[in-house]
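From these two lone chains plus the hints, build me the complex, please.
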Amino acid sequence: MAGTAQAGVAAPIPDHVPPELVYDARITEGAEFLAAPHKFMAELHQKAPPIFFSPGSEHQKPAWQLLKYEDAYFVLRHPEFFTSAGSGPFPRDPNDWWNIIPLEIEPPHHRKYRAIVDPLVSPKTVMTLELSIRKLANDLIDQFIDKGECEFAKDFGRPLPVGVFLDIMSLPRSMMDEFVRWAMGLLHAQDRQIAQQVMGEVTVYLNTVIREKAAHPDGGAVSAIVHGKPGGEPMSGREIFGFVFFLFIAGLDTVFATLNNIFVWLAENPERRQEIIDSPGNIDNIVEELLRVFSVTFSGRTLTQDYEIRGVKMKKGDRVTSILPSCNYDPEIFPDPTDVNFNRPRKPILAFAGGVHSCMGAHLARMEVKICLQEFLRRIPNFTLKPGTRIEYYPGGVVGPKSVPLAWR
Amino acid sequence: MPAVIYIEHDGTQHQVEVPDGDSVMQGAVNNMVNGVAGECGGGLACATCHCYVDEAWMDRVGTATGAESEMLEATFSERKPTSRLGCQIAVSEALDGLVVRLPETQY
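Protein sequence lines, in the order shown, are assigned to chains B and R.
Quick note on this note's numbering: the first sequence kicks off at 267 and runs consecutively.
Quick note on this note's numbering: the second sequence kicks off at 245 and runs consecutively.
Hints may be right or wrong, so weigh each one.
[Unchecked claim] Straight-line alpha carbon distances no greater than 30 Å define the calculated DSBU-like cross-link-like pairs of lysine-lysine that follow:
1) R:LYS324 - B:LYS636
2) B:LYS613 - R:LYS324
3) B:LYS579 - R:LYS324
4) B:LYS613 - B:LYS636
5) B:LYS390 - B:LYS378
6) B:LYS668 - B:LYS420
7) B:LYS581 - B:LYS327
8) B:LYS305 - B:LYS420
9) B:LYS652 - B:LYS420
These are calculated hints, taken from the structure and not from any lab test.
So that you can see chain R by itself, here it is in the shape it has in the complex (with noise of 0.2 Å):
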């Protein structure tokens, strides 16, 4: 199963097993790791479920586009070029490894 690695604002570090075809939100709230809440479940209704792609994986990974960037201007913590709402990140095995840092808060 690709792994992919949640850095919390405070610095502690989640290296989580998610299936191929989950959404990066959801190998977090399965996995109960703080700092995302994606309160709608994927919806791209909440905006709660915001982290910072790591630059090395932003070519892979690629920016939002879309829904997706609408919903991001109104994200509770700052918007940053590596923006991406979690929900909408599905992983695979090329996203093995994947680094993402999560805001201090979602709301």
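Next comes chain B alone, as it looks inside the complex (with noise of 0.2 Å):
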């Protein structure tokens, strides 16, 4: 992000990219997308060529967008191709680099890193937490319920997966709030110098969580990744930083946002949340289709070679992002793609991505929104946004509401 070109200075398009397949949609910034992010990016199958060229932006680089499912799903499966190293949206110095891991690292190493933490958020392991993160969802309902109303977001969705994430981690959760902060600091006080005052702030503390536990090791996450030997070697103090670092990203803000757009939907559809609490036994289906109706993310890679695909003629070094929320509505694999439908035909869906880099975490997000679901819904059946709310969403590569005011009787 840093030194990228200014607001209305477009970098100029590459001579290999057709004029008629240049569109800037805008995503993730535009004032369309903000209004309705979802609607409008299951509407881009309607007005957007299936593969398209984006300008970029301030915030964004030039990209190739991918909209189709069988396209992303061929990419997220090809890192052959397709790279992940040096995707990651954070900033970063490029004097001081360091790699977010394990997703900026390629096959065959991968692996390798990925290998110390998957048996913490394996199915395994995730069902064995979902006790610890009822009762999580328990007391936080407990501090508002008689109040008749809630910021669900600041309530709810993020203190439900720092709990879980502070579990995981093996850190103490009286550090919930702290984190919280720097949760909120670092990915949306849209003010770069809150981000990078917190970034200080959170690296400090990760630096003296990895000495501590470096000393004194546990069962949690942390501890697996400082004592990690990935092929046999001990991690540098750098990777070691930016495995925790990743994890911390990760953990916090997708299941935040998913938990929010769920939400917000649930309190204009009261229909729908009586089916729900109806049909407890398809709260899998329930799940998935939630998903995938409210994917936040976006994959992104550069072409390793020149490459074809639905005949355009990509280049070596290009950015490809592939829109999973587009993907997720792609008429042709999912019918009347806008209808919530939880009794649809399942096909599996791109909300986790795919393949050797999709989401570690997606057993864990499925149980946390799940019993998010049936918790709530238990306790609080019957509420609305708040009279004269308008819902208004964060720019940046995480869709989701700024806020879900909530209220009941």
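As structure tokens, then:
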């Protein structure tokens, strides 16, 4: 992000990009996108070519954009052509670079890193976390249920994934408020100075924790990383930091945004809320369908060689973004894609990307969403958005509302 | 190339030629066979390429052991004695004609 072109000064379109494929959708930042991001991404299938070239902006580098499910599915599963090296969307000093691990490491080395933390979020481990997540959800609800209102994003959507994250990392729950503040400052302050200051605080804290866990190993993820030996060799301090930092970012914001999106929809659709309450046996299909229509992220890659998809000739070094929320609205794969249909024939969704870099927290995220739906609707079955609420969305690479004020009697 | 026959939960059958050395999971996802998600790309991390090997092939394919067996304890659909993760079965000429049945859902 640092040092990119000023607003309004577009980078020249590369010569190999046909003019008819240039389309400035202004995804994640334009007014039309921010008014209703998921509607916008669904409608791109009617408005834009299936593969188009975004000229970029102050915040985004120029890149090919993929709308079709099949194209993203292919790209995500072929890291030999589409590498994620250097693709992490966080500001880093080029003179003091660190890799975001394991995202920016490619096969064959990638698996050695991922194997260090996979057991902590494996399907089996996640099953053992169910009771403690359910308890946390209820503890949070206890704090606001009698008030008849809450700011869902702040009171539930944020602390729930933070609490689960702290448990998995073996960090004290007493750090909850601090982590909530950091997550907000780093990811959503929309202010560079605040983000940089928070980044400094997070760096100091994570480095302290890394030293502590080096001296006193435990069963958590930080300890597993600190003591991990990918390929038999201990990691450098910089690698350890990049790994721990990535889990921090990945674990905090995505579930937050997903829950907030879902609860806006639930507040606006009482009959669908009742449908969920009335069909407890269908909860896994319900979670999967809500993850399909409210996917929150994008996958960026860079071409390692020239490559052609759908007759579009892309060049080595070009950036390629899979617009995963749009792919999940591909009418060829999901007929009537904007219908939220809990009895839809099952197809793998792309909410968690796919292939070697698929989300390692996918099972955990599914469990968290399931528990939140079950526990919140069990205790507060009827709620609305507070009268006069206008939902505003955060710009940026994780799509969700800024606040979700709910009220109930 | 060896062929693998995938039978979906609803009976839909796909005969797919899979390159020697590729996994049963790769054969399915590279040919958009429904019923195999293979979300983690073969890392033995997601348990979303669960399949049931046809009885007649079990002696050649073998049962799941070690980390794969542990992962199978957390599959969404019922684990059976013939349950395997498709990413852990390497296709070869010896397995030409292999029949695997796919569960209704992977998560």
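- Query: Within a Cα-Cα threshold of 30 Å, do B:LYS652 and B:LYS420 meet the stated pairing?
  - Reply: holds (15 Å)
- Straight-line Cα separation of B:LYS579 and R:LYS324 no greater than 30 Å? Roughly 47 Å between the alpha carbons, so the hint for B:LYS579 and R:LYS324 is violated.
- Taking only the CA atoms, is the gap from B:LYS390 to B:LYS378 under or equal to 30 Å? Distance ~20 Å between B:LYS390 and B:LYS378 Cα, so the pair holds.
- Task: Quickly compare the C-alpha distance for B:LYS613 and B:LYS636 to 30 Å and report which way the hint goes.
- Result: holds (19 Å)
- Message: Holds or violated: B:LYS305 and B:LYS420, Cα atoms, limit 30 Å.
- Response: Given that 30 Å is the threshold and the Cα spacing comes to 24 Å, the pair holds.
- Task: With a cut-off of 30 Å on the C-alpha distance, tell me whether R:LYS324 and B:LYS636 pass.
- Result: Status holds; Cα separation ~26 Å.
- Query: When you check the alpha-carbon spacing of B:LYS581 and B:LYS327, does it fall within 30 Å?
  - Reply: Answer holds: B:LYS581 to B:LYS327 is near 15 Å, not above 30 Å.
- Taking only the CA atoms, is the gap from B:LYS668 to B:LYS420 under or equal to 30 Å? Holds: B:LYS668 and B:LYS420 sit about 9 Å apart, inside 30 Å.
- Message: Against the 30 Å threshold, does the CA-CA distance of B:LYS613 and R:LYS324 hold or violate the hint?
- Response: Distance ~23 Å between B:LYS613 and R:LYS324 Cα, so the pair holds.
Against the hints set out earlier in the document, a violation occurs for number 3 only.
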